[in-house]
Amino acid sequence: MSTDSIQWESLGLTFPVRRYGRSGWMTEFAQAPSSLRIDDCLRIYFSTRSLADGAGQYVSRTAWVDVDPRDPRRIIKVSPDPVLALGGRGDFDEFGTYPFSAIPFRGGFLAAYAGWTRLASVPFDTSIGLATSSTGHKFHKVGRGPILSASLSEPFVLSGPKLRMFEGHYFLFYIAGREWIRCEGRPEPVYRIRLATSSDGFQWNRLNRDLIQPRLGQNEAQASPDVFRRGDSYYMVFSYRKGCNFRHGPGAYRLGLARSRNLTDWDRIDSRLGFSGSGQEWDREMQSYAHWFTGDDGSEYLAYLGNCVGKAGFGLARMCEWPEGL
Amino acid sequence: MWANEGLVFDVSAQGAWSDNWSYAQAPQLVHWKGQHRIYFTSRRIDEDGQWVSEPFFVEVRTLRPVKPGSPKGPLLAGAPLGAFDEHGVFPFSPVVVGDEVWAFTTGWQRRVSVPVETAIGVVMSRDGSNFSRLGPGPVLTRSSNEPFLVCDGFVRQFESGFLMWYSFGTDWLPETPTSGVERVYKIGVAVSPDGIAWTPAGGSQILEERLGPLECQALPTVVNWRGRLLMSYCYRSAHDFRTNPEASYRIGFAESANGFDWQILSGIEWEVPRSDFDRDMQAYPGLSIVDGQLLLLYNGNEFGRHGFGCARWSD
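Chains as they are written, first to last, in my numbering: chain U, 1 to 326; chain D, 327 to 641.
Careful, some of the hints might be misleading.
Some chain U residues judged to face chain D by a derived CB distance under 7 Å, without partners named [claimed, not checked]:
1) G90
2) S121
3) V122
4) G143
5) G145
6) I147
7) A150
8) L152
9) P155
10) W180
11) E184
12) W204
13) R268
14) R272
Worth flagging that the hints you see were computed from the coordinates, not collected in a lab. Even for Gly, the Cβ is constructed at its ideal location relative to N, Cα and C.
Next comes chain U alone, as it looks inside the complex (with noise of 0.2 Å):
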């Protein structure tokens, strides 16, 4: 690792979800963990799957884990239930909600989200949904349908949504589709980090263009655009990987890294992230959906998934040095 990238101590897989599966609903997966502080809590809300079924078809539901704000590979507790319904028939998040972003809002709190539906051509299709809660506990859905969904440059899959607030403005970073591709004529989504501003949390702008330019080629996909502010500017860990044969092997996700003084102008900066994955089993393979957090004692930490995005649960790394001049 270069002294000029970021210096990180592994803390393995720290949330192994089949040790605390419930009721069928929340067998295998922590997707997508995001982070909220309510009161001495440090809540960490992720994407959970039953088994597949028949066809092989999974139906995602959102959960979360409290961990000790002072050492977050503690474990306190794990919602007993998802927290927040899956839609009906024909609903834009009939078949799954995943991912989920929270941040606090009037006295409550406010939640973005992506809910699934099944199609006949390709496997699925994704878009953003609003959601309230006055406890972090339940949610409950702003309208029945999306906040943000398919528009002219953004044909499908609107996914990923990460909510934040700077400077009294709240952002939306999520990822938008550009096209379905063949792999080996199995077709496979290819998505771009976008951005949303609002002034109400409501009504939302779209910026309209990509953010991150990609390294792999046209059909990179980007996805789990986490955004935090640091001294100056903003920093983004996100997630990529190449467009077909990335299951497994040099296409498979791995985690980047962006620095903005603006939030809407973004370098790529992937080498500086020094971060790679624990050296473990679990995440040999990739590494992907970080999510930065601070813990009480000021230190900080990325949540993250490994192999398969997260099938076995998520694990933390903890920050060791920031680069001067980072």
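Using the hints provided, position chain D relative to the given structure of chain U.
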């Protein structure tokens, strides 16, 4: 009152074209560069044995009576994989904007738990014959208070911007012993400064029902008529409407001073008398004004499987 002039475009009388195409749905007349054209969509069977609708037009040589030429098209290339209109376009609603012809399309996409989803797109043309998409995605689709089935967009330009009248779904009704899932949809109005960026109706329907809360309202078209806006549309029951003439589509009319507040018109003079081609159903009306008088193009039995006909207004 209306006089029924019968079937004017017969699908089976189009020579070799009829081998591959049937239906001629949602006919809409455009007057552009000295010509009259009627745009509509027809269906073919695809490799999976399913219907796919594509847009065509006919030139109209005379208007009294309406005598269409032979069909030209399809007017639009196929959609990319996974796009909102990958399984066809119906209806195809043309509008002259400046020196171009645009069309607002309803894209169809087959689903799994419900049969289909729809959204509205826009395509543009300089010659009225070759249309291309402005982008791969729709300009109006599901939103917070319009959860699915956004369709049947009809657009006109006014001094202050553009208005679109369209339908949006409100419910998918569960299966019954005698039917699969059925949809319910209502007509609303959206606004735009440029015809491309649209603000939806937000779940507000603009027409009161004649058949009760499960009435389905579709295919609004609007003309400027004697100082008011006049709309034709079709409406039906949510159930049993495919083969039961009591429940199937009928044509309704409504009027408005401003495009937003509408009163439905009841009265015997607004009923379109039946003939053979529309004995069991009158659907997908397209209202226009020719020589200062109202002309209604529309589909009859079997949702326009055999072609389209017209009715003409006289005072």
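Here's how the hints hold up against the structure:
1. Because the smallest distance between the Cβ of U/G90 and any Cβ of chain D comes to about 4 Å, under 7 Å, the interface hint for this residue holds.
2. Interface hint status for U/S121: upheld, as the beta-carbon distance to the closest one in chain D is roughly 6 Å, under 7 Å.
3. This hint holds: U/V122 has a C-beta 4 Å from the nearest C-beta of chain D, less than the 7 Å allowed.
4. Evaluation of the U/G143 hint against chain D yields a held restraint, the C-beta minimum of about 3 Å falling below 7 Å.
5. The criterion of a C-beta within 7 Å of any C-beta in chain D is met by U/G145, whose closest approach is roughly 4 Å, and the hint holds.
6. The interface hint given for U/I147 holds, since its Cβ lies 6 Å from the closest Cβ of chain D, which is under the 7 Å cut-off.
7. For the restraint placing U/A150 at the interface with chain D, the shortest Cβ-Cβ distance is roughly 5 Å, inside the 7 Å limit, so the hint holds.
8. The closest approach between the C-beta of U/L152 and any C-beta of chain D is roughly 4 Å, which is under the 7 Å cut-off, so the hint is satisfied.
9. Using the Cβ-Cβ criterion of 7 Å, the hint placing U/P155 at the interface with chain D is satisfied: the shortest such distance is roughly 4 Å.
10. Residue-level restraint check for U/W180 holds (minimum Cβ-Cβ distance to chain D is 4 Å; threshold 7 Å).
11. For the restraint placing U/E184 at the interface with chain D, the shortest Cβ-Cβ distance is roughly 15 Å, beyond the 7 Å limit, so the hint is violated.
12. The criterion of a C-beta within 7 Å of any C-beta in chain D is not met by U/W204, whose closest approach is roughly 11 Å, and the hint is violated.
13. Taking 7 Å as the C-beta cut-off, the interface hint given for U/R268 is violated, the closest approach to chain D being about 25 Å.
14. Nearest Cβ of chain D to the Cβ of U/R272: about 34 Å, over the 7 Å cut. The hint is violated.
In summary, the numbered hints that this structure violates are 11, 12, 13, 14.
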